[in-house]
Amino acid sequence: MSGNLQLLADTLAAARNEGRAALIAYLPAGFPTVDGGIEAVKAVLDSGADVVEVGLPHSDPVLDGPVIQTADDIALRGGVKIADVMRTVREAHAATGKPVLVMTYWNPVDRYGVERFTAELAEAGGAGCILPDLPVQESALWREHAEKHNLATVFVVAPSSKDARLAEITAAGSGFVYAASLMGVTGTRESVSSQAEDLVRRTRATGTGLPVCVGLGVSNAAQAAEVAGFADGVIVGSAFVKRMLDAPDEAAGLAAVRELAADLAEGVRGRAPQAG
Amino acid sequence: MPSTFFIPDPEGQVPSPEGYFGAFGGKFIPEALVAAVDEVAVEYDKAKQDPEFARELDDLLVNYTGRPSALTEVPRFAEHAGGARVFLKREDLNHTGSHKINNVLGQALLTKRMGKTRVIAETGAGQHGVATATACALFGLDCTIYMGEIDTRRQALNVARMRMLGAEVVAVKSGSRTLKDAINEAFRDWVANVDHTHYLFGTVAGPHPFPAMVRDFHRVIGVEARRQLLERTGRLPDAAIACVGGGSNAIGLFHAFVPDTQVRLIGCEPAGHGIETGEHAATLSAGEPGILHGSRSYVLQDDEGQITEPYSISAGLDYPGIGPEHAYLKDTGRGEYRAVTDDAAMQALRLLSRTEGIIPAIESAHALAGALEVGKELGRDGLIVVNLSGRGDKDMDTAARYFGLYDTDAEVAQDASGTAEIEEDAK
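Each protein sequence line maps, in turn, to chains Z and V. Each step along the first sequence adds one to the number in the numbering used here, with nothing skipped, and position 132 is 132. Each step along the second sequence adds one to the number in the numbering used here, with nothing skipped, and position 387 is 387.
Take these hints with a grain of salt, some might be off.
Said to hold, decoys possible - Pair by pair, the computed Cβ-Cβ distance ranges are: (1) V/E288 / Z/Q195: 34 to 44 Å; (2) V/A171 / Z/S191: 26 to 36 Å; (3) Z/Q195 / V/Q262: 48 to 58 Å; (4) V/R232 / Z/G79: 53 to 63 Å; (5) Z/R77 / V/E18: 33 to 43 Å; (6) Z/Q195 / V/D331: 34 to 44 Å; (7) V/E168 / Z/A222: 32 to 42 Å.
Worth flagging that the hints you see were computed from the coordinates, not collected in a lab. The C-beta atom is built at its ideal place from N, Cα and C for all residues, glycine as well.
The whole structure should be built from the sequences, with the hints applied where relevant.
Shown next as structure tokens:
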């Protein structure tokens, strides 16, 4: 079976055609349990997320703040395996028909085997992968296999990325570009960094046709609306995870992520129409 | 004029421009750090060519660190090593008590050249943290040290030293709460503060250019030892031996001997309670290739790429990774790596203390234990140089508990049989 890169592209194009930003949610697999995690992913997709990124928990999440570290710890102590991540992707996509990506660090993929990983992800109905510690220079092997299986390679760009590098990254990537709104790790922030809009502008100035979606620090509808004013998509992770961590039980956690997804879905539709 | 103590690797040798030593190395870092890591590489390349940089660093290495470090022959210790001649390269006599200061002063000068005002670093046993806090005091830089919570307890003396020097010490409570997690936390800090902060990485791991740059700052160890041995004995050693955690003191000793193919380069890894128990940090002996902290090398991991928790009695060796150049030396056969248990290291620590009046760091004691084995293999004609990478003051609490040296430590003192056995071995 071939991966769902095209479904991802179509989904993001449809949001653009509706004059809104897409809502992209992140949740780690295996959190709080494998089945509980699958329910949570389905819940955010049912409640308004257009795309979901399923985290493959890693022992050494150097780009994640305390919230996602805590969730990863719970998942790993619960014994989550790559097979469980694939099952999460499969069931979430099968239940909703929406694009599902995996986000993880490079070592689990390298160790598992790039061909095996990409083949299984495509077979599960996955749309692609985000590997934030695999920079474009080291990514040739990954991209070869991702292309073979029709999986998106979503690269991260950062406010510190120079313009020449943005061009190199956007030329190599597919699906969308993940613009990190600020210099820092994952986690909720009080306000959206002013660096985000400038980064989106510089990324688009490369001439890329890829949608540019903004992540890091977005946690509520007002921030989502603000980001939707200048980006093609809004990525929210820690805020969902925090709702689940704070909930007294799994049912309450599911209700809380549904509520947040619905709020954010309104947020991404709340922007002023773009000029031109 | 070439400098005397800053002796970077001659041009044309490994790594490749992309930072690869054979299949190992590279630059596996988040995009947010790419510009900063590239800046370090560019600035280091410029510094290497700049006689003023070499002059400044040489001046510090002589007048602040106290280089060259002594080479001490240890005949009473050597009686237990099959009668081979054993020399110790005394990096323990450097200011701050270990080899770490060599690299720290180099990178601190680089920090100033880059116009950055804040330095962060990880530390395991606290030796790199103390050296970094020292250099920051000397240069007037803000300093934050990340240290695993478990290590802050077993190396409390070094925590106090760092704070005395004006550094902020952050006890890291995530993961295994040791060196690997301290590095994770330092990377998180760097991503958020990279515009004014330099990550003064403490070993020959991490993304390019750190493995090559840190090695260059430590090359002086082997260059001096090689010259001193030739002067004193008229020949090259049969073996150069060092402990390996991340691998900085070992590369420092080995590198000048790499072209001398008759010199065996032997790295001693921490076997903890024994490799077969799973409680060890013997990355090259028991690990598999993978990516950790920015480069490809050997790592301790499970079959799905999760890093497994290492263990060693030595906080400074308690790390599931290893510098990529060591992985390269292992795979090419130029380097030999063997594992030394906690017990063997502790016995060697006491043996050197009682035969030579030198209390080594537990890290360095792993190399001494290796020398006892290698000496027996070589016999009376053998000549060995061991890098005594650090002094043992910081480890006295661990050693006192291990050997029952505290009057009040009734529990340990009662274990008279174990103590007697060790004393017997030490004779």
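Now for the hints, and whether the structure bears them out:
One distance hint, 34 to 44 Å for the beta-carbon pair V/E288 and Z/Q195, holds here, with the actual separation near 39 Å. For V/A171 and Z/S191, the Cβ-Cβ distance of about 30 Å falls inside the hinted range of 26 to 36 Å, so the restraint holds. Between Z/Q195 and V/Q262 the CB atoms are about 57 Å apart, so this pair conforms to the stated range of 48 to 58 Å. Range check, V/R232 to Z/G79: Cβ separation about 57 Å, and the 53 to 63 Å hint holds.
Checked against the given bound of 33 to 43 Å, the beta carbons of Z/R77 and V/E18, roughly 37 Å apart, stay inside it. Separation of Z/Q195 from V/D331 is about 42 Å and conforms to the stated range, judged on CB atoms against 34 to 44 Å. V/E168 and Z/A222 have their C-beta atoms about 35 Å apart, which keeps the hinted 32 to 42 Å range intact.
Checked against the numbered hints given earlier, this structure breaks none of them.
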